[in-house]
Amino acid sequence: QQPVQSPQAVILREGEDAVINCSSSKALYSVHWYRQKHGEAPIFLMILLKGGEQKGHDKISASFNEKKQQSSLYLTASQLSYSGTYFCLAYSGAGSYQLTFGKGTKLSVIP
Amino acid sequence: KAGVTQTPRYLIKTRGQQVTLSCSPISGHRSVSWYQQTPGQGLQFLFEYFSETQRNKGNFPGRFSGRQFSNSRSEMNVSTLELGDSALYLCASSQEGGNQETQYFGPGTRLLVL
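Note that the protein sequences, when read in sequence, are chains A and B. Position one of the first sequence corresponds to residue 1 (the numbering used here), numbered consecutively onward. Position one of the second sequence corresponds to residue 1 (the numbering used here), numbered consecutively onward.
For the record, the hints were derived by calculation from the structure and aren't laboratory data. The reader is advised that the hints may include incorrect statements.
In the DSSO-like style, the derived pairs of lysine-lysine whose C-alpha atoms are separated by at most 30 Å in a straight line are [stated by the list, open to error]: (1) K67/A / K103/A; (2) K106/A / K26/A; (3) K55/A / K1/B; (4) K57/B / K67/A; (5) K37/A / K1/B; (6) K57/B / K26/A; (7) K57/B / K103/A; (8) K57/B / K106/A; (9) K37/A / K106/A; (10) K59/A / K26/A; (11) K13/B / K55/A; (12) K57/B / K1/B; (13) K26/A / K50/A; (14) K59/A / K103/A; (15) K1/B / K59/A; (16) K103/A / K13/B; (17) K68/A / K57/B; (18) K106/A / K67/A; (19) K55/A / K106/A; (20) K50/A / K37/A; (21) K55/A / K103/A; (22) K50/A / K67/A; (23) K57/B / K37/A; (24) K68/A / K26/A; (25) K57/B / K50/A; (26) K37/A / K59/A; (27) K68/A / K103/A; (28) K26/A / K103/A; (29) K37/A / K13/B; (30) K68/A / K55/A; (31) K37/A / K55/A; (32) K68/A / K106/A.
Treat the numbers as computed from the prediction; the structure is a model and nothing was measured.
With the hints as extra help, turn the sequences into a complete structure.
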């Protein structure tokens, strides 16, 4: 099953904050976050690993709650360039892992 | 370093035909993964290749196949095309692949099946 992302869409004014959630019914090994702008390829934002390790951009933060199998992406002081669709990519299991994307959260930042 | 490149960028085929898409990873990257993106299903994982071997596979029919060459370039083939195969096909490369690696996506090949 796909992880569930919420909200599906959000509109922010520049400078406002947002949280995007990604929840899975499966035990997760890692969660990756990507942003895709219309007509462009997804770009990497963050990796959160079971056990707490994180890899990613300095200006973006995220969390991974292993008990809830949920990850949250925190966007603070949003800029126009933050607009796009945010996807989580959930890896369940190690070794022969399964990977599934959430359906995406469309973020629009307006002046 | 040059990014991930995919060819062709656009393709129009008819039902029943077959198609081959190509992906050149970032230099030094040995893992290539393929994804299908459609408005209805979103992004779905097709398969991952590492050192010329398929390491992982998503839930797609056998009409979808791939291979990787010794220089890490990868091709994806879809046989007996169906209308539902119309999609953006993305490939992504990483150094070693797996669930802890950053993936770098190419611009995609947009396939339209008529």
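Could you tell me which of the hints above the structure violates, numbers in ascending order?
-> 11
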